Amino acid sequence: MASGIFHSLFRTSDDQAHRLHRIQSFSGGMKWLLTGLASITALFGLLVCVVLLAPGLLGYGPEETVDIGGVSRVILEISLPQRIGITLLLVILIEAVLMLLWKLRQLFARLAELDFFSSRTLSFIVQSGRWLLVLGAMDFVFDPVSSVLMTFDLPEGEKQISLSLEAGQILFLVLGALVLLLGWVMREAALAHEENQQFV
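Going by this note's numbering, the first residue of the sequence shown is number 202, and it counts up by one from there.
Source of the hints: derived by calculation from the structure; they are not laboratory data. One or more hints might be untrue.
Derived EDC-like pairs: lysine to aspartate or glutamate, alpha-carbon spacing no greater than 16 Å straight-line [as the list claims (entries may be wrong)]:
(1) Lys360 with Asp344
(2) Lys360 with Glu278
(3) Lys232 with Asp316
(4) Lys232 with Glu314
With beta-carbon atoms standing in for the labels, derived distance ranges [as the list claims (entries may be wrong)]:
(5) Asn397 with Ala243: 38 to 46 Å
(6) Phe227 with Ala393: 23 to 31 Å
(7) Gly271 with Leu244: 21 to 29 Å
(8) Ile224 with Leu259: 40 to 48 Å
(9) Ser214 with Leu244: 43 to 51 Å
(10) Asp268 with Leu379: 29 to 37 Å
(11) Asp316 with Pro356: 56 to 64 Å
(12) Leu238 with Ala378: 19 to 27 Å
Keep in mind the model is a prediction, meaning the values are calculated, not measured. Using N, Cα and C, we set each Cβ at its ideal position, and we do this for glycine too.
Using the sequences provided together with the hints, build the complete structure.
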């Protein structure tokens, strides 16, 4: 009977070690994947900004078009102030994407260290949820604002405003709210656990 108990304990310990190693390996891989995605996003954003502000630097000819906010126009037909406004809007959107990727990277870095319930880890969960909500809201308003900027110089009958509601936008908002709520709940649970430990 005693040998059976010891065998059960060792098996439980081995199972736990395996699960923790799996979490550690997966989180470490996700940390570097998110680092790569953030780098690619930053480079892509820089490329788009150059295309909009100085298309000649990349060899874009006078007939090259750009499609933003559901509106397609020849780049050089869009006035420079409009292109600056569109660029600023894209920079804000890309910055929100980068912030989300970076907060998720920080979260996975903590999980790779098997730090599950510290205040710092839980704060990264909350911040990730907030940036998901921000990104969902920004994605919702991006098309209307960018389409207005893209057609601002056109005659009255040709101005456009694009309104759309896509599954991705809803997913970002719902997922952001869920992650944010999960972070709050886990933070309260961690605080309650710390209080209980103080009484023991």
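_Outcome for the supplied range 38 to 46 Å, where the beta carbon pair is Asn397 and Ala243_ = Distance hint for Asn397, Ala243 holds at roughly 44 Å.
_Agreement of Lys232 and Asp316 with the hint, judged by alpha carbon distance not exceeding 16 Å_ = Roughly 14 Å separates the two Cα atoms, so the pair holds.
*Taking the CB of Phe227 and the CB of Ala393, does the distance hold inside 23 to 31 Å?*
28 Å, holds
*Look at the Cβ atoms of Ile224 and Leu259 and judge whether their distance stays inside 40 to 48 Å.*
43 Å, holds
*asked:* Verify the CB-CB distance for Asp268 and Leu379 against the hinted window 29 to 37 Å.
replied: Since Asp268 and Leu379 have Cβ atoms about 32 Å apart, the given range 29 to 37 Å holds.
*Is it true that the C-beta distance of Ser214 to Leu244 lies inside 43 to 51 Å, as the hint says?*
46 Å, holds
_Restraint check for Lys232 with Glu314, where alpha carbons must lie at most 16 Å apart_ = The hint holds at about 11 Å.
*Under the criterion that the straight-line Cα-Cα distance not exceed 16 Å, is the pair Lys360, Glu278 satisfied?*
14 Å, holds
*asked:* Tell me if the straight-line CA distance from Lys360 to Asp344 falls inside 16 Å.
replied: 14 Å, holds
*Take the C-beta atom of Leu238 and the C-beta atom of Ala378, compute their distance, and say whether it sits inside 19 to 27 Å.*
23 Å, holds
*Is the gap between the beta carbons of Gly271 and Leu244 within 21 to 29 Å?*
25 Å, holds
*asked:* Tell me if the beta carbons of Asp316 and Pro356 are separated by a distance inside 56 to 64 Å.
replied: Distance hint for Asp316, Pro356 holds at roughly 59 Å.
When held up to the earlier numbered hints, the structure conflicts with none and fits them all.
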